[in-house]
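Number of protein chains: 2
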Amino acid sequence: MRVREIRLKSRPVGMPTAENFEIAEVETAAPGPGEALVRNLWMSVDPYMRGRMYDRASYVPPFQVGEALQGGAIGEVLTSNDPGLKQGDLVESMLGWREAYSAPAGMLTRLPESKVPPQAFLGVLGMPGLTAYAGLLEIGQPKEGETVFVSGAAGAVGSVVCQIAKIKGCRVVASVGSAAKGDWLRSVGVDAVVNYKDGDLLANVRAAAPKGVDVYFDNVGGAHLEVALEVARPFARFVECGMISQYNNTAATPGPSNMTNIVGKSLKLQGFIVLQYAHLRDQFRREMIEWIEAGKVKWEETVESGIERAPGAFLNLFTGANTGKMLVKLA
Amino acid sequence: MRVREIRLKSRPVGMPTAENFEIAEVETAAPGPGEALVRNLWMSVDPYMRGRMYDRASYVPPFQVGEALQGGAIGEVLTSNDPGLKQGDLVESMLGWREAYSAPAGMLTRLPESKVPPQAFLGVLGMPGLTAYAGLLEIGQPKEGETVFVSGAAGAVGSVVCQIAKIKGCRVVASVGSAAKGDWLRSVGVDAVVNYKDGDLLANVRAAAPKGVDVYFDNVGGAHLEVALEVARPFARFVECGMISQYNNTAATPGPSNMTNIVGKSLKLQGFIVLQYAHLRDQFRREMIEWIEAGKVKWEETVESGIERAPGAFLNLFTGANTGKMLVKLA
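As you go down the protein sequences, you meet chains S and D in turn. With the first letter of the first sequence counted as 1, position 20 gets the number 19 in numbering that gives the first Met the number 0; the numbers rise by one all the way through. With the first letter of the second sequence counted as 1, position 260 gets the number 259 in numbering that gives the first Met the number 0; the numbers rise by one all the way through.
FYI, nobody ran anything at the bench for these hints, they're computed from the structure. Mixed in with the good hints, there may be bad ones.
Remember, identical chains collapse to one label, so a pair may be satisfied in a single copy or spanning two.
[Claimed, not checked] Calculated lysine to any residue pairs in the SDA-like style (CA-CA distance at most 20 angstroms, straight line):
#1 167 x 29
#2 264 x 275
#3 264 x 57
#4 114 x 50
#5 85 x 281
#6 114 x 165
#7 165 x 144
#8 210 x 80
#9 264 x 49
#10 114 x 13
#11 210 x 2
#12 328 x 9
#13 85 x 165
Since this is a predicted model, take the numbers as computed values, not measurements.
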């Protein structure tokens, strides 16, 4: 079976470009014993993938130049040589960035029965959703009546953070990069929105959170982190989920000038990776499905179609082109 | 009774100078009912006092211009109108920066019986000791075999951190500003010393901690914090106790350029104030006295004599003139 895949052609320096990717046609082997042949329906592009394009040791190994990229994907089993999978089953894998593949059944997870569309398992019910859930609840520990400030708030993670914080009885202040994103977040219950491209961020956050911030969920780093250190209340928790504003830096970029607030206000800043919270996945999915069915959590998708559009979809993450989960529809 | 006290004459801008202080002679009132008249024997100067010289809300109220400063002190009861205190008792108070005072017994704590000299209750057995103990053990959570990096390591807090980390079976790397301080720390068991004034700090810390750092106990902030973010191992804990390098900044000073390590290495940075750990004080004193008697914890003092030397002693904290606890002997 001839299929297309996207390979890392060269390591990006600074902002990635289309030139860093190449598309190739390969022959997918027939599935061996214990394997299944899967056609991908959806693949995910996520900001963390930028980190895997650097050649450095990290919590996941770097992508290799000349090889297909990897990432979350939802596919349909075409043929199976494993008793646990049958034709038509929907499966989740880390074998995105390709149209189809054969893989051992152990690398595939069958999607649970549910009324939600399968691609939601790449977003609100998948890794970004668990990231939001575990980061906010385990590290942020929001209490009723507290103020939660979220950057990158209209993204796949941020938008779920905002809604879980509302469920927990918090006041939510969201930073976004467009009026349309702000309108969407207000429509799902966010209390106040600031547009970081519009006016003085510190003044705007101060106005939106006059009593200060108890939890900061950081997706972007940089200027937002500096503002959060300024408006933090004593004992505030900073969920350090991502710093997308810094991922494409080519030179050392100065950090926040107000780090002494960490001492003076007894702040906690904690980074994490979602893999640490794998034990919460079942509980998370159960609760999230309840919230979705109760209309308490909604989501948006930004969809590109065709594997040839996958690099562009990934690049668009860094310009804020997506509202909600950025997806590529492969079939 | 005529006594001298040190007042804040003006709020420092940048590095404090002798001009920011004034000495005054006042009449101490005779003790009223329930009060005691106390002659101070020792007073403490500590870096945190710099923060109280700014006119801003914080976890302790700011010092007031024209009024006597406050701080830890050990004194001797001269006369008492309270049944719980008698002449000759040694008491701890926050009424330093003056030679004598009358105060309600409730503001005084009688020192426990022990073989250690009374001024140790301003250092290794007092607030700096508890700061080291609670910060390292509660936030740092060092495990046997881990590497602990300590900045300001020859100070009142840092030197205790180093020795508790050794008791807990860690490898200890200490940053100091002079060879003599390094020699002292080596003599009490520190494994490796770097002199931050001598050569490339990052390269020197890397050489001293080739496997990286699991716990960073931060007393100084600035360049040391940036180095620590660089050498931190995944899941390292940063005990954000102080940032003395930043306390006298007059303009915004860029922070660490490598903040993304917080996300990428799942680091935890946590600030604290020792008051949060008041419930550990009895346990701390019990353990610390055991360690002292077993020869496992030693300390140094840098002593100035006479209240007129107190401002100078305080200023010397910012030039690293002290080894161990900086004290002023008043009588």
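Check your understanding: Which numbered hints does this structure break?
Key -> 1, 4, 5, 6, 8, 10, 11, 12, 13
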